[in-house]
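Two chains, each in its own frame: build the complex with the hints.
Sequence lines, in order, name chains A and B.
Note that the working numbering numbers the first sequence so that position 321 is 366, with each residue one more than the last.
Note that the working numbering numbers the second sequence so that position 74 is 283, with each residue one more than the last.
Over 10 angstroms on every C-beta distance to chain B, these chain A residues come out as not near it, computed from the model:
1. Ser47
2. Arg66
3. Glu87
4. Tyr98
5. Glu102
6. Lys173
7. Ile247
8. Ser255
9. Met258
10. Asp260
11. Gly275
12. Lys277
13. Leu419
Just so you have them, the derived chain A footprint on chain B, three or more residues with Cβ under 8 angstroms:
14. 233 to 246
15. 270 to 284
It should be emphasised that the hints constitute simulated quantities derived from the structure, not laboratory data.
Here a beta-carbon is modelled for each residue, glycine too, at the ideal position from N, C-alpha and C.
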Amino acid sequence: MSEYKIVTGNYSSAYGARLARAEVVSAYPITPQTSVVEKIAEFVSDGKMDTEYVKVESEHSAMAGCIAASTTGARTYTATSAHGLALMHEMLMWASRARLPVVMTNVNRAMGPPWSVWADHLDTIAQKGTGWLQFFCENNQEVLDSILMAYKICEDEDIMLPGMIVEDAFILSHTREPVEIYDQEKVDEFLPPYDPDVKLDIENPAGFGSLVMPDWYMDFAKKLEEAMEGAKDKIKEVNKEFEETFGRDPGGLIEEYKTDGVDVLVITMGSISGTSKDVIDELRDEGHNIGLARLRTLRPFPKEEIRELTKNVNVVGILDRSYSFGAAGDAAREIKEALYGHNSPVVKNYIVGLGGRDLTPEILEKIFLDTIELQDKGLDQEVEWVDLRSDRKKWRR
Amino acid sequence: MIEVRFHGRGGQGSVVASELLARAAFEEGKDVQAFPMFGVERRGAPVTAFTRIDDKKVRDHSKIHTPDIVIVLDTALMEAVDVTEGLKDDGQMVINTGKEPSEMKVNTNADVYTVDASDIAVQHGLGTEVAPIVNTAILGAVSSATGMVEEESLIDVILEHAPAKNKANAEAAKQAYEELQGPYPGEKLESPERTLLSEQTDIPKSEDLLCEDPEDHTDLPRTPIADCNSEYLNKTGSWRTVRPIVDLDTCISCGECWKYCPDVAIFVEEEGAVVDFDFCKGCGICAEICPVDAIDMEKEEKYV
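Extracted from the complex, chain B is given alone in its bound form (with noise of 0.2 angstroms):
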């Protein structure tokens, strides 16, 4: 039995990715599953999806906790979320970024392979170079990099199955299916150099609300009573991909930016337009919306 895992966001499409790598393995005789992680989603929020496959019937209906592949669709996710966690020393990574696999910093024994995805993508007009839809070029990465699933059955899979632009994402594939780099052999640290992100900030675990011990039930109250304050605990900034620069010496204080922002995550102050990166979910309606250009939505990942 082969477990995957994928990490992306709300909106770019990784559960779709589940479903057609379960697809093309199916077409090539194997049984599959597909399933989202059972939870609430929004768009931009992390969102994990998983695929099992397996030459016998699968009969399993429990999570996957302990991964073969893990395929990563957004680096900047990789500050937010332990992305390795459970991977098998004997597994396989496959990162969606510009960078050498050499060039990341993944806490992992497992094979560590990247494409950009993102930049295929856009050259074959899938989503905006702000938000690009990449899983169909990641599993031809995946597919490259594992051979769990022949390039072929993949492609098929894609022109039949594929929500919309079929030919085109059958075209990022092949190409991602190409561009692969790697394997770079993973190495474990025995303590990693970075902290996540949700481990600096004080986001709280939901167990905190309730209990002081969360490893112990005793002192759980009768029925939860949740902090008012959780949408401040909660740092909703680590679901950004793109973030607002603003150009002060264009910015002409108007104030449009804090009136639609949707988060009210940017302020005017005395310079001009502020971003609360702890909250700015990176939607850009603050750059749509400025009536001088003074906004513009840069790669989160340049800044992390």
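The following block holds chain A by itself, in its conformation from the complex (with noise of 0.2 angstroms):
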């Protein structure tokens, strides 16, 4: 029988890793990401998981210990943060270049110093091009969701590519919500053990990894490439299937949010996406004819989605809890990109709770309202740094 539990987005993700009964868990602990692994840590002494955990020195140690298991046929997950993913970076793009499901929940965590523990997209964001696929969760029952929806399309034959399930520091990972732990049941038939065609196997030796010359290797790094595009399909059929099975829409690939005939759109990612969706709907009474998109998959990048999505409207507001030094935000990057030769709304992008600053539906009303004006006014500025201390007048009331 399925059971609403009420936990932490750490707790959701350990109760994730169970219900798609990962075979390895090869973790390092580190800050907020640490109740992750003492979850499944008590899971396994308690005997409700079967797993192999394996205890390591460090996060490239933990990355490492997935990536071998991987290879020999074993469903496998780890959890990091911050400093630890940026450890892992070399390990990461070995498990995408093996073609190997590992799926792991990253807790986005801002990068020091100055030394914070607190909500930052810029963790994730440094590794959108490592080969990983990466699901953005507004909310706790999301992430235990997305987890048994990465494996499924991670491990599929025309896929394998690893997974990351990102949820927001403390925001998510240490707030409890009411979770739907499903059936387990139910969820072995939704997601059947993983059984690789190759494997490593010592009846049948064979070398992985291995030396190919420069006529070789561009094609192989097409072939992961063409996964990467395939997985814009398989997340939309994977969705629909996760619906039917149990009842619930994780959002594919992009969800909207009111989104039909609207002259201004907002784009989020995250765990602020509740918050402005609770602000749309003020706005809307008030009259204004605006909806939010949220990004869910950063990679693979939905291209398709956000043309069709501002075919119609006048100005879009990027919302970006990270930066690029020296250029933007990403998400706001890569939809310009997306749009070129496409459609040409006025596209502004705003730079906002980074380092876990507080992002009230206040703030976020004054953002929002901000985007409509561009209607009249046009754009003032292509990227603006929201509620920095000398410039709070604006943003609060």
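Listed below in structure tokens is the structure:
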């Protein structure tokens, strides 16, 4: 029987790994991820999860452990955050290029210094080119749902890529919400055991990760990109299947919230999306023709969906909880790139909430009103940093 | 939507209280959220926890700035933090104290209630007199004061989900439900006579270390450079719930307390052991270690 538990995003991750029957968990603790692996360790020691739990000495080794186990055909899981993810960088690329469907949770946290343990997307976004699928979650239910979906998508023989489930530090990781913990049998039907066609097998020895000459390397890279492109349809397909099985739509590639026929569209990622939806409702009640799209997968990037969504809108406001130094927010850059040669709405990028700075309904309302005003006043600046200490009067009542 | 803020100290169970309250409301068909202040928790340090309750889906993931209800698990905290901050005028405040609501000088227009949750907790064997675990008792009082959750759902949830001593916790909640005092209409003062300990001492706000004008960031350094003396500036004595009282006639100036004090907050002077209350967190190790039992731990409330 499925049951509702009131759990943190981190426990939701742990329940996700347990329901998915991850066979090997190789992990190293880091704030604010620690309670994910603590909970899994508890499940394992209580005999509630049949998993080889490998304690390692660093995040680099944690991913190396997942890669080795995944190569043998085991379903693997790990979790990390910020500096831990950065330390994994080399191994992240190994996992994707070895075409191993490792699934992990990354608890989004700011990179130091200044030392910070709070929400910020830069850690994840800095890894966007490594060949991992990235799912940004709005709430704790979606964390669990995305883990189950990610295994199904990533382990598909046409995809065979690793996937990262992303939850915002503290805002999800340490906040308790009701989460439906599904019936194990139902999950087993949805997600059969992992059984790859090729694996490391001592009965049939083979070499993995071997050298290729320059006239071959590029073709392997192209195959990876084809899998990434193919993941778009696979995500939509699995999303539909998930909804049919569990009665819940995690949001596919991009979630559309009251976007039909809008003049103004705002695009968000992660946990600010829920607060934003409340604000959108208020603004619509006041007569503003505004809607919201939530970018759920940064990788693969849903170019076609973005073009479709922005076909008839006048202005687009894009909220980035990170910044790519020397340029702009990454979601904004990628969305603009997708629009080029297709649609040309006015686009403004808002940099918000770095290092866990709170995004209240009041500040979000000011941002969205600013976007609405762009229709009349035109673009004032391409990128605006919101609620800086020197600028609070503009964003607060 | 009802937004609740709990003020307690690490170890008193405020975070568990915020969760139990959420669970009780969820059992009544509400949607809920419970979260701690997003910081670095330490036993004894001030802790803030929050609960959101609504009839519809709770999608808001921002922090709670203007609570409807404030719950204070430890009155000594009221010297260190402004527990009334943002509390709505038509809100409610429930305080754990042996005093009457009218005796509490709280700077708020909200209704004030009190309950001696510490005494009730001790009666039911929850924690010790020095460190009672008051979270379930206070929830009983909150249910009685605000009606935001029914007593019955609260008791069911405590019986099922309290981390330990479920029956005793449920009994404590029931007793507190009955023994609640109030409401007493609070009155906000134009200029509050009391200043907070944090304002009296020169505890630096983190931004003060970084720039002259915290409202303007033009003089921020390239990267944060903190003052090495922060451990002297941060008066951790405000975390104390009990304080060591030395009987100088009994003290033999042996220095054992000084050796064991983890905060170097007790010294042997000519007259005997002297406590530095700016930094003593009230852990009670000195009283435990004293070979002649010259140190007693007494409730901080008596001294503030």
